[in-house]
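*Asks:* Spelled out from the first residue to the last, the chains are:
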Amino acid sequence: MASLWRYLLAVIGLAAALAGIVAAVYLHGAGQGPDLSLSKPTANGLFVASLRPQSGAVQQGLLQSWQLTLVARDGTPVENAAIDIAGGMPQHDHGLPTSPQVTGYLGQGHYRIDGVKFTMSGLWQLRLTISAAQGSDTVVFNIVP
Amino acid sequence: MRRRTGLALALCAVLAGCGKPDFSDAEKKTIASLALSALPPLPADTTNRYADVPAAEAFGSTLFFDLSMSRDGTVACSTCHKIDRQFQDDLPQGFGVARGTRRTMPLAGVAYNSFFFWDGRRDSLWAQALVPLENPLEQAGNRAAYAHYIQSRFGERYERIFGPLPDLSTVPSDASPLGTAAEKAAWAGMTDVQRDGVNRVFANVGKVLAAFERSIMPAETRFDRFAKALAEGVSPQGDSVFSDQEMLGLKLFIGKANCVTCHDGPRFTDGSFHNNGTPPVPDLPSDRGRIAVLAELDADPFNCLGAFRDGGEEACGELKFMRRTGAELIRAYKTPSLRGVAGRPPYMHAGQFKTLEAVVAHYAEAAPSVEGVNETHPLTLSDRERAALVAFLKTLGE
Numbered sequence: 044m045a046s047l048w049r050y051l052l053a054v055i056g057l058a059a060a061l062a063g064i065v066a067a068v069y070l071h072g073a074g075q076g077p078d079l080s081l082s083k084p085t086a087n088g089l090f091v092a093s094l095r096p097q098s099g100a101v102q103q104g105l106l107q108s109w110q111l112t113l114v115a116r117d118g119t120p121v122e123n124a125a126i127d128i129a130g131g132m133p134q135h136d137h138g139l140p141t142s143p144q145v146t147g148y149l150g151q152g153h154y155r156i157d158g159v160k161f162t163m164s165g166l167w168q169l170r171l172t173i174s175a176a177q178g179s180d181t182v183v184f185n186i187v188p
Numbered sequence: 008m009r010r011r012t013g014l015a016l017a018l019c020a021v022l023a024g025c026g027k028p029d030f031s032d033a034e035k036k037t038i039a040s041l042a043l044s045a046l047p048p049l050p051a052d053t054t055n056r057y058a059d060v061p062a063a064e065a066f067g068s069t070l071f072f073d074l075s076m077s078r079d080g081t082v083a084c085s086t087c088h089k090i091d092r093q094f095q096d097d098l099p100q101g102f103g104v105a106r107g108t109r110r111t112m113p114l115a116g117v118a119y120n121s122f123f124f125w126d127g128r129r130d131s132l133w134a135q136a137l138v139p140l141e142n143p144l145e146q147a148g149n150r151a152a153y154a155h156y157i158q159s160r161f162g163e164r165y166e167r168i169f170g171p172l173p174d175l176s177t178v179p180s181d182a183s184p185l186g187t188a189a190e191k192a193a194w195a196g197m198t199d200v201q202r203d204g205v206n207r208v209f210a211n212v213g214k215v216l217a218a219f220e221r222s223i224m225p226a227e228t229r230f231d232r233f234a235k236a237l238a239e240g241v242s243p244q245g246d247s248v249f250s251d252q253e254m255l256g257l258k259l260f261i262g263k264a265n266c267v268t269c270h271d272g273p274r275f276t277d278g279s280f281h282n283n284g285t286p287p288v289p290d291l292p293s294d295r296g297r298i299a300v301l302a303e304l305d306a307d308p309f310n311c312l313g314a315f316r317d318g319g320e321e322a323c324g325e326l327k328f329m330r331r332t333g334a335e336l337i338r339a340y341k342t343p344s345l346r347g348v349a350g351r352p353p354y355m356h357a358g359q360f361k362t363l364e365a366v367v368a369h370y371a372e373a374a375p376s377v378e379g380v381n382e383t384h385p386l387t388l389s390d391r392e393r394a395a396l397v398a399f400l401k402t403l404g405e
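Protein sequences appear in the order of chains S and Y. Just so you know, my numbering puts 98 at position 55 of the first sequence, and the rest follows in order with no gaps. Just so you know, my numbering puts 269 at position 262 of the second sequence, and the rest follows in order with no gaps.
Hints are computed from structural coordinates only; laboratory data are not their basis. Some clues are possibly wrong.
[What the hints assert, rightly or not] Far from chain S, by Cβ distances over 12 Å, these chain Y residues were calculated: (1) P171; (2) D181; (3) M224; (4) S250; (5) V380; (6) L386.
[To be verified] Output of the computed footprint for chain Y on chain S, the stretches with three or more beta carbons under 8 Å from beta carbons of chain Y: (7) 147-156; (8) 166-175.
Note that the Cβ used here is the ideal one computed from N, Cα and C, for glycine as well.
My request is simple: use the sequences and hints to build the entire structure.
*Replies:* In structure tokens form, the structure reads like this:
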């Protein structure tokens, strides 16, 4: 009799532990998703890069202008940076449909980027390679139009 | 008895619509984005000042159907773009003065595109129209002959829209930088002023044809009526009721089968170029799609950055920032609209597939591309699911 109780308790305990693990995995998974922040430090922390569409919102299927703001670690604007833009859709193994370029320096660490277009719905990435007096660094933005 | 049926129906509706696939909020949003009601008004084309001028549209319509707009007087735009056949010709490859190498594209909603042809080798509707006029397999004419024809046949009509014609009295009867050896020689012998005059008349012919083509719009379909009812939360009536099979097909199209990643928006196209693994046609010349035409597009004197554009250069973003490199452009073709698709076999850029069943089987297999990389991935689809996808595609054309 006692052994049956112990057996039952063990089963209940095991089930509880399993439920706990499932819940933990589920909650963790739910909270993950891609980081959609449009302002972040570059990979090696040389700069903080902030991106925003000129019209305020990302629009699928339209050629848009964006503005990039670059500051150094100490918060000072980064001038005269050379910026290369690449990217694509990681889930579909293809690159950007257009070749966006920096088309002007607007002062105060602001750069104008032209030719950005997201043709499909889903997760896109923009990868910027930034070279300035401080050195070279990269940053990846996740964007869902 | 009646009350009991009502109760059963209500219960049925609560329990996810009697076994009919129910749509999640995300799916409903996607379906709404595909409906014709989501199509924005046609944007202005600032590169063509005559795009929305009624007299230009009417002149364009005359020229579109005019058989004299060809070398032998036997081929017009409408020979291949048939008005009662969705502006296409049901052939695997278009046939003008001879058999061509690509399938004639239907024209509903064509003015919404940024790039034209299967490979996007022109960047405006008016620059596109100039290509078949001189293509030796299509209308096979030459621009000097077209300028003379416009003057003799439509001089007054032309001048009312564009102002005085240039002096063509000393321009050779046949001349073009793209024509036969004799036509090229005649073109080379012309003065800059003569060449510019002829090019201007030629560009204006493109501009009136474009004005006419802007009026060719997609029509409402059963799918649109179904989508409207779904969006309004009312039950579809009459022919907008979808069968279980059509519902399943729609669910697959926007879900498991991933079709909507490329065939998106109210025209069912992202307007971009993809390699979907379509095989080449054995007896046609090699065709590499998008990658092969970028230099031609950049060099086209009638492109957005050229001398014949109206309006400012800010309209030229698509050309300026288009992708010019990358393996993905190999055998990449423009995603076609799927509106009306069931009514116009065969399919793909050279009519490779005779039926929608064959198209769906092609996507399910997703065999490697002969060159470049097939962007689509194999799909596990049962026979029932394949038939459902086809049934859904048919709702885009009734």
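*Asks:* Run the C-beta distances from S250/Y to all of chain S and say if the shortest one exceeds 12 Å.
*Replies:* Holds: least Cβ distance 27 Å, greater than 12 Å.
*Asks:* Is the Cβ of L386/Y farther than 12 Å from every Cβ of chain S?
*Replies:* holds (14 Å)
*Asks:* Does P171/Y clear chain S by more than 12 Å, comparing its Cβ with all Cβ atoms of that chain?
*Replies:* holds (37 Å)
*Asks:* Residue count check for the region 147-156 of chain S against chain Y: does it reach three with CB-CB under 8 Å?
*Replies:* With 0 residues closer than 8 Å to chain Y, the region 147-156 of chain S misses the three-residue bar; violated.
*Asks:* According to the definition I'm using, a residue is off the interface if its beta carbon is farther than 12 Å from all beta carbons of the partner; does V380/Y meet that for chain S?
*Replies:* violated (8 Å)
*Asks:* Do three or more residues from the region 166-175 of chain S put their C-beta atoms closer than 8 Å to C-beta atoms of chain Y?
*Replies:* Contact hint for the region 166-175 of chain S vs chain Y: violated, 0 residues under 8 Å.
*Asks:* Please confirm whether D181/Y is truly not at the interface, meaning its C-beta sits more than 12 Å away from all C-beta atoms of chain S.
*Replies:* Answer for D181/Y: holds, closest chain S Cβ roughly 40 Å.
*Asks:* Just checking, M224/Y versus chain S, shortest CB gap more than 12 Å?
*Replies:* holds (18 Å)
Checked against the numbered hints given earlier, the structure breaks hints 5, 7 and 8 and satisfies all the rest.
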